[in-house]
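Next come the chains, spelled out residue by residue.
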Amino acid sequence: MQILVNGIIVGGIYALMAVGFNLIFSSVRFFHLLYGIIAVLGIYLTRFFLLTFELNFFVSMLIGAGISGLLGMAAWQWLYKPLMDRKASSLVMMVVSFGALIIVQNLIAMIWKNNTYSISISDTIKEGYHFLGITITFNQLVILFTSLILVILLELFLNRTKYGMAIRAIGDNAELTTILGLKTNQIILMVFFIGTFISSIAGTMVALEIGVRPTYGLFLVLKAIIASIIGGIGSMRGAMLGGLLLGVVENIGIYYLGGGWQEVTAFLLLTVFLLFLPQGMFNKVQVSN
Amino acid sequence: MLQVRDLNLRIGGLRILSDLSFDIKDGSITGLIGPNGAGKSSFYNALFNLFPANSGSIKFDGIELVGKTSDQINHLGIARTFQDSKLLPQITVLDNLLLGSKYLNPVNLRRVFFGHKTLKEEFKNEKKKAMELLRKVGLENKAHSLAKNLSFGQSKLIEILKIFMYESKLVLLDEPFSGLFPEMVKVITALIRELVASGRTIMFVEHDMRLIAEICDHVIVLDAGSKIAEGTFEHVKSKPEVVEAYLGN
Amino acid sequence: MDYFLHLAIVVTIFSILAMSLNYVAGFTGILSLSHATFYGIGAYATAILTTQYGFSFVPSVVIGMVLTAIIAYAASFPILKLKEDSLVLVSFGFSIIMFNVMLNWTSLTKGPLGIKGIMAPEILGVNFFSKPYFFALVLAVAIITYFFFKRITSSPYGIIMKGIRENQTVAAVNGHNVLRYQRSVFVVGAVFAAIAGSFTATFLAFIEPKLFELMPSMLILIMIILGGMASLKGSVLGAFILILVPEALRFLGLPPSILAEVQQMIYGLVLILVMYLRPQGLMGEYKI
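Quick note, the sequences are listed as chains Y, R and Z, same order. Residues in the first sequence are numbered from 1 upward in steps of one, following the working numbering. Residues in the second sequence are numbered from 1 upward in steps of one, following the working numbering. Residues in the third sequence are numbered from 1 upward in steps of one, following the working numbering.
Careful: at least some of the hints might be erroneous.
Simulated crosslink set (DSS-like; lysine-lysine; CA at most 30 Å straight-line) [unchecked claim]:
1) LYS86/R to LYS150/Z
2) LYS142/R to LYS87/Y
3) LYS117/R to LYS128/R
4) LYS102/R to LYS83/Z
5) LYS150/Z to LYS124/R
Going by beta-carbon spacing under 10 Å, a handful of chain Z positions derived as facing chain Y [stated by the list, open to error]:
6) PHE94
7) VAL101
8) SER130
9) MET218
10) GLU261
The hints are simulated quantities; they were obtained by calculation from the structure and are not laboratory data. C-beta atoms are modelled at their ideal positions from N, C-alpha and C, and glycine is treated no differently.
Please put together the full structure from these sequences, using the hints given.
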């Protein structure tokens with residue numbers, strides 16, 4: 001039972017990462033690997049505002065996420081778009097994205113050193129609450145509620161507002177994204193902002209639970225990709241469920257095999273899905289034909 | 001030569017081909033016509049097992065093709081072209097032709113290292129053959145340029161030349177004339193006649209009825225995955241189902 | 001002089017790795033991120049067999065090659081079922097799994113502690129302990145590797161490899177058994193990575209799982225992207241540049257604390273610049 005709860009909490013973070021990733025992927029159709037490291041940068045910024053200006057945790061988190069969102073927009077406008085205009089293949093985009101990831105990761109390591117940092121909200125976090133034989137820490141509750149609120153807000157935004165509908169239209173119609181008119185570009189910029197904003201908050205949740213290192217960027221984005229593929233890439237609900245499933249399966253793996261095999265479980269799950277259910281649980285677009 | 005019986009193909013719940021049955025006679029030129037989405041290219045893809053058929057049978061000289069892999073089907077003596085030219089853009093024109101050669105097939109590492117002499121000899125012959133083909137259509141100066149540098153018409157021409165690299169018995173052409181200038185249509189018509197003269201049986205998909213009337217001795221009409229008519233062009237042209245299939249679209 | 005020899009040896013070993021990955025990725029289009037894993041299996045085979053079981057160098061290399069061939073063959077089943085982005089992901093997943101095996105199977109690999117005291121190779125009574133001798137040995141292996149791959153890729157086999165890279169459907173319809181070629185290429189490429197691994201183990205005298213993680217796989221891939229896909233000479237050039245340029249930074253007076261970061265940033269920068277300016281790489285003809 002405790003494994004399940006831990007799994008759902010970690011899975012909630014993965015779900016957030018996956019939702020943001022999916023949002024971007026369905027508009028641009030390539031693996032935006034830089035996504036992971038911008039989320040990590042968001043964590044460092046949050047920590048910076050928290051420690052340097054002694055701002056409230058949530059305020060710091062929102063500022064950090066906002067700056068990350070702007071960086072996400074910059075990445076689209078100045079790094080990806082010039083290549084997309086030249087009709088570069090999705091592989092080229094992935095390579096460029098990876099190059100940028102390495103650069104940002106090492107910049108972070110130069111500025112903040114290669115150590116693991118954690119973020120805490122209050123001093124009384126270690127205690128935890130007990131009920132029904134389950135222990136949940138204060139941090140974990142924050143994670144749970146933040147994820148929930150964010151997901152609900154996103155759902156409302158995508159389904160109830162004009163901009164949300166425009167984003168979904170772009171995701172549904174791959175043709176539209178290839179004709180990058182001015183208006184389409186504005187929508188993609190918005191997608192990059194929102195997706196990155198979400199990822200940065202998800203990243204901060206990771207920092208609450210296990211801390212952060214510069215090298216986590218790649219792993220966060222890989223988790224987002226795995227969760228998206230499991231859920232069915234292009235589907236928001238799928239991404240959420242995929243994230244939860246990944247979190248739970250990983251925790252079961254940790255319980256039975258030991259912490260050293262966490263990544264192994266994740267990738268085994270991915271391989272199984274790619275081989276036997278390549279369209280994921282909620283398919284919209286197939287990863288490869 | 002080819003016997004198709006009750007062939008069914010479904011893709012994601014859509015019926016692409018329904019109970020398709022027909023025969024292709026040795027040495028004939030058969031036109032496969034029908035409105036867009038009738039299942040003409042899908043039949044080629046089903047024959048080559050690119051989309052596996054759900055039921056039915058396709059027999060080639062008495063051998064069942066359903067369930068065989070694309071390369072095995074090719075080895076039996078069947079060659080095809082694709083609707084949108086599928087020349088490989090980032091290798092040379094000569095290499096594109098050689099890829100269609102039967103004699104370099106199979107090439108394995110044992111032959112590369114221990115059968116070097118015979119392989120080299122065969123390779124030289126095949127290259128010579130490819131160069132002769134290119135010379136015939138005046139494209140020998142393009143042999144070593146990448147295929148992506150060819151014009152649309154030139155790449156369609158090379159696709160047909162590639163068929164000559166392989167002594168196939170049955171050739172499936174997919175819209176070999178679409179989008180071509182009249183001069184190029186003439187060149188390709190001559191090449192198709194040459195394929196027939198060499199004893200190959202031809203099947204081809206085409207929209208231009210004048211060309212169908214001129215070249216084919218037998219026509220099969222598909223609509224929505226089913227055969228609606230079969231016979232000489234004069235015969236099917238007058239059938240009301242055929243007229244309706246075209247006009248109703 | 002010793003320092004230059006050291007660099008020359010590293011460049012030569014990475015040339016072998018880059019050429020063999022190019023055989024797999026550049027010529028045949030299998031963009032595998034598991035090359036460093038096979039490199040690692042070769043290294044561990046030699047390290048374990050020579051330090052713990054008293055094998056001499058050559059048999060350990062041969063066993064490493066056979067073992068790698070078996071593992072690569074098995075891994076090729078899930079990996080080659082996929083294409084493009086999915087293939088990249090699963091090959092990376094495979095390397096993560098193998099990395100964790102190296103890390104966690106401590107009774108065999110000593111885990112994160114690594115294996116120390118790997119002896120220099122001795123072949124037919126000749127000891128290759130001194131650097132000039134060792135360099136001559138790896139250089140000979142690299143030259144053999146070059147001509148081995150050259151012979152395959154310039155034969156009709158090479159045309160089929162490139163055909164498969166460009167379009168698997170067309171290659172299959174033209175009568176080529178795509179999966180069989182891919183599998184053969186994948187295994188042969190992996191075996192050469194294993195050879196490079198055996199030499200690395202004896203050269204460094206110490207190996208640890210970290211040497212065979214994602215970053216070295218990426219580094220090899222960056223080498224062939226920079227040098228040019230489907231160009232063996234380009235791979236050597238790529239290895240040369242990507243080993244020497246970061247090394248040259250040492251002499252620019254950068255503080256040692258940020259040296260590693262700056263080196264990695266160069267790799268990232270190279271990737272972006274190549275994709276923007278010359279997607280076919282320095283000597284290649286094929287754009288990914």
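Hint check results:
1. With a C-alpha separation of about 27 Å, the suggested pairing of LYS86/R with LYS150/Z holds against the 30 Å cut-off.
2. Proposed proximity of LYS142/R and LYS87/Y is supported: the alpha carbons are some 26 Å apart, at most 30 Å.
3. A C-alpha spacing of about 17 Å is found between LYS117/R and LYS128/R, which places the hinted pair at or below 30 Å, so the restraint holds.
4. Straight-line distance between C-alpha atoms of LYS102/R and LYS83/Z comes to about 27 Å, which keeps the hinted pair within the 30 Å bound.
5. Straight-line distance between C-alpha atoms of LYS150/Z and LYS124/R comes to about 18 Å, which keeps the hinted pair within the 30 Å bound.
6. This hint holds: PHE94/Z has a C-beta 8 Å from the nearest C-beta of chain Y, less than the 10 Å allowed.
7. For VAL101/Z, the interface hint holds, since its Cβ comes within 10 Å of a Cβ in chain Y; the closest pair sits about 8 Å apart.
8. Nearest Cβ of chain Y to the Cβ of SER130/Z: about 36 Å, over the 10 Å cut. The hint is violated.
9. Interface hint status for MET218/Z: upheld, as the beta-carbon distance to the closest one in chain Y is roughly 8 Å, under 10 Å.
10. Given the 10 Å rule on beta carbons, the hint for GLU261/Z holds: about 4 Å separates it from the nearest Cβ of chain Y.
The earlier numbered hint that this structure contradicts is number 8, and it is the only one.
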